[in-house]
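Starting from the structure of chain S, add chain G where the hints point.
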Amino acid sequence: MNDPTTTAAPTDRPSAAQSATPREPGEVIGKLYGLLAEFETPAAIMVAAHRVREAGYKWWDCHTPFPVHGLDKAMGIRPTILPWLVMGAGLTGAVTGVVLQWYTNATNLDAWLIVPITGYDFLVSGKPMWSLPANIPVIFELTVLFAAIGCVTMMLLLSKLPWLYHPCLKNERFLRASDDRFFIVIEARDPLFYRRKSQEFLKSLGATAVEALEA
Amino acid sequence: MTPADITNENRYLGELVPKICRYAGLGGLALLAASVVLGWAGEAGLERFLRSYLVAFFFVLSLSLGGLFFVLLQHLTRAGWSVVVRRIAEGLADNLKWLWIPFIPILVAVWTGHLYDWADPSSLSEAEWALFQHKEPFLTPWFWTIRAAVYFGVWAWLARFFVNRSVQQDATGDPQTTARMQSVAAPGMILYALTQSFAAVDWIMTLEFAWYSTMFGVYFFAASTCGAFAAMIIIFYLLQRSGRLTNVITTEHYHDLGKLLFAFGVVFWAYIAYSQYMLIWYANIQEETIWFVIRQLGGWKSMSIFLILGHFAGPFLILISRYPKRWKGVLAIGAAWMLGVHFIDLYWLVMPAIPADLIHSVTTYSQLVTEFKAYGAEYDLHWRVFDVMCLLGMLGVFVAMAAWSMRNRSLVPEKDPRLAESLAFENY
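Here the protein sequences line up with chains S and G, keeping their order. 1 is the number of the first residue of the first sequence in my numbering; add one for each residue after it. 1 is the number of the first residue of the second sequence in my numbering; add one for each residue after it.
If we strip away everything but chain S, and leave its shape as in the complex, we get (with noise of 0.2 Å):
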C-alpha cells in the first residue's frame, strides 16, 4: 500500500476506490452485510459497545487492533463452554487409554474392530497382568492428547471457523482495524436493524465514521 506503483495497479477484484464509476465511500451495490462504525480510542469503544448492548442487538460484534481489558464485559458475552467440551475430550482420552491398555495387555479376548484383533496378555518383569502404575503414563498422554486436539477443533468450531471470506475485508476503512482503529459492525440479519435508524443510532454513540457493508 505504501508503494504508490501498486496502488494504481489492477487487481483481479477491483475494490470499491478502483471500479469503473466512483462510488461514494460505503456505497452499497449489492446485497447489505452490516454497518461499520468507526472509534478512535478504546475508552469510546468501550462505551458504544455498551449502549449497543444495551439497545439490545444480537447478532454485532467488535473488531480491535488488540484486546481490550473488558471488553467482553460490555458486549455482554457469556462465558464459552468450551471447557466443559474439553473437560469431556480429556475424559475420552482417559478411558480410551484405560481400555486400550487393558484389552491389549491384560485380557485374551478377541473382538471385532473392522478387522479380527485380540488381546494378547504378556508378562512383563513379574509385575501383575493389569498394574496401575504402569498404565498411568499412557493414560495421561492420550488425556492430554485428546483434550489438545478436542479443544483445538472445538474452538474452530465454535468461532465457526476457518472463514475463507468476510464482508468486513472489503471495506477500506476496516484496514486499520489492524492498526489503530476500534470498530463495531452490526448485521443487517439483527432484528432490530434498520438501514437509517441503526446509522443515526451508532453516529449517536460518536463513531467518527459510519459505513455500509457489503455482502
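Read the hints as simulated data drawn from the structure, not as lab findings. Where a beta carbon is used, it is the ideal one built from N, C-alpha and C, also for glycine. Be a bit skeptical, because a hint or two may be false.
[Claimed, not checked] Computed spacing ranges between beta-carbons, pair by pair: (1) S/A43 - G/W100: 50 to 58 Å; (2) S/M87 - G/W383: 35 to 43 Å; (3) S/P137 - G/G340: 25 to 33 Å; (4) G/W383 - S/K127: 33 to 41 Å.
[Stated by the list, open to error] List time: in silico DSS-like cross-link candidates among lysine-lysine, alpha-carbon distance up to 30 Å: (5) S/K160 - S/K31; (6) S/K127 - G/K373; (7) G/K259 - S/K73; (8) S/K127 - G/K301; (9) S/K170 - S/K160; (10) S/K73 - S/K58; (11) S/K58 - S/K170; (12) G/K415 - G/K97.
[As the list claims (entries may be wrong)] A few chain S positions that, by computed beta-carbon distances, are all more than 10 Å from chain G: (13) V47; (14) P65; (15) I77; (16) L91; (17) T92; (18) W112; (19) P116; (20) L123; (21) A148; (22) I149; (23) E214; (24) A215.
For chain G alone, kept in the frame of chain S given last:
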C-alpha cells in the same frame, strides 16, 4: 475499573507488629518449650521427638525457600503482574537469614549420633555397613556440617540481596536496581536449585541412608512451592481482612496465585511424586522399594492414600476451575487445606522409621505385613501432641520474625518500575 492508588492504602503492618510478636512469637516459644519437655521427657523418646522437630523445621524452611523461589522467578521472567505480591514473598524469604538457629539442635543431634543412622556408624549391622561404606565419605559429620553452612550461607545471601535491594528501591526509585536484580536472578536460580536439592537429600533422604532417589530434591521443591504459595494466599487474605492493601490486591492477583498453587503445589507435586514412585516400582530393586514398602504398612498406608486424594485428586478437581480461584474466601480455605496437607506430606517423608531387622527377617511382602501386624505396633503411625505443638510453635516464631523484619517496610514495592502494570493487571 481504575487501578488502585497505593498512597490511599494502608500498606504498613504498623500496630499489628507488636501484637504478632507478642502472641505468635511468645506463644510460639512457649509451645516449642512445652513440646521439648513433652518430647524429651515423655515416653515417646528423644529420637521420636527429633523427627517431629525435623518436620516442623522443614515446614517453616519450605515456606521460606518457596518464597525465595517466587522472588527469583519473578525477576527471572521480568514479571509485571506480580509486583504487588512480591513483598510478602520477600518477607517469607527474608527469614532465611536466621533459620540456621533452629537448625542447631539438628546439628547437635548429628554430632552426638542421634536422628540419622549414619551419624553413629558403630550402631550399624554388618549388612547395613556394606551399604554404608560407599557413602561414608559423603556422610561424615564434618562434611555434612560444611555443606549445611554452605546452604544457609547461599540462602541468606540470596534473600538478603533481593530483599535489601527491593527495600532500597522504595526510597530511591532507581530502575537500575530492578535491572541488577534481574541479572542476578538467573545465576541465583541455579544456586537455589542446587542448594535446596542437596539440602533435601542431606537432611531428609539420608534418614534412610541406604535409600536413594534422584528425584528427591525436586520432590521437596514441589512441596515447598505448595507451602509458600498457599501461605501467600492466606497472608493476603488476612491482610485484606485487617484493612490493608484492600484495593491493591485484586481478584486478578488471587487468581494468578491460585494458578501457581494449582500448577506447582497440586499438579507438579503429584507429577513428581508419581514419577518417583513409578521408576522405583518398575525397577523393583530392594534398597529402593523398601522406602515405599514401609509407607504401605498399617497407618502409613492410610496416610499414603490420603496424600493421593487430599494433596492431589481433591484439590485438582476444585482448583482446576476458574471460579474457586477468583473467589477469595474459597481460595483461602483451599490454601489452608493445602498448607495442612503439605505438613502431612513432610510428616510422611520424615516419620516412618522401621528397624532394619524387622524388614530383613522376611522374604515376601505378605510376610512383612503379617510381621508388622504382630510386632510393628510401635513403629506404626502414631500422632503425638508434641508433633502439632512443635509445628505451631515453630510457625508462630516464624510469623513473628517475618512480621518483625517487615515492621518498617511497606507491604508493596512502592517504586518498582512495573508497579503500575501490576496494579492494572487483568487476566484475560
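Okay, the hints, checked on the actual structure:
1. S/A43 - G/W100: 50 to 58 Å: Once the Cβ atoms are compared, 55 Å apart, the range 50 to 58 Å for G/W100 and S/A43 holds.
2. S/M87 - G/W383: 35 to 43 Å: holds, 38 Å
3. S/P137 - G/G340: 25 to 33 Å: holds, 30 Å
4. G/W383 - S/K127: 33 to 41 Å: At 34 Å between Cβs, range holds.
5. S/K160 - S/K31: holds, 22 Å
6. S/K127 - G/K373: Holds - the C-alpha atoms of G/K373 and S/K127 are around 25 Å apart, at most 30 Å.
7. G/K259 - S/K73: The hint holds at about 22 Å.
8. S/K127 - G/K301: holds, 20 Å
9. S/K170 - S/K160: Satisfied, since the Cα-Cα distance of roughly 20 Å is no more than 30 Å.
10. S/K73 - S/K58: holds, 15 Å
11. S/K58 - S/K170: holds, 23 Å
12. G/K415 - G/K97: It holds: about 25 Å lies between the C-alpha atoms, which stays within 30 Å.
13. V47: holds, 15 Å
14. P65: The claim stands: S/P65 keeps its Cβ more than 10 Å from every Cβ of chain G (closest is about 15 Å).
15. I77: holds, 13 Å
16. L91: S/L91 clear of chain G: closest Cβ-Cβ about 12 Å, beyond 10 Å.
17. T92: holds, 17 Å
18. W112: The claim holds: S/W112 sits with its nearest Cβ about 34 Å from chain G, beyond 10 Å.
19. P116: holds, 32 Å
20. L123: Non-interface label on S/L123 holds, nearest chain G Cβ at 14 Å vs cutoff 10 Å.
21. A148: Fine: 16 Å to the nearest Cβ keeps S/A148 off the interface.
22. I149: holds, 19 Å
23. E214: For S/E214, whose nearest Cβ neighbour in chain G is about 33 Å away, the distance exceeds 10 Å, so it holds.
24. A215: holds, 32 Å
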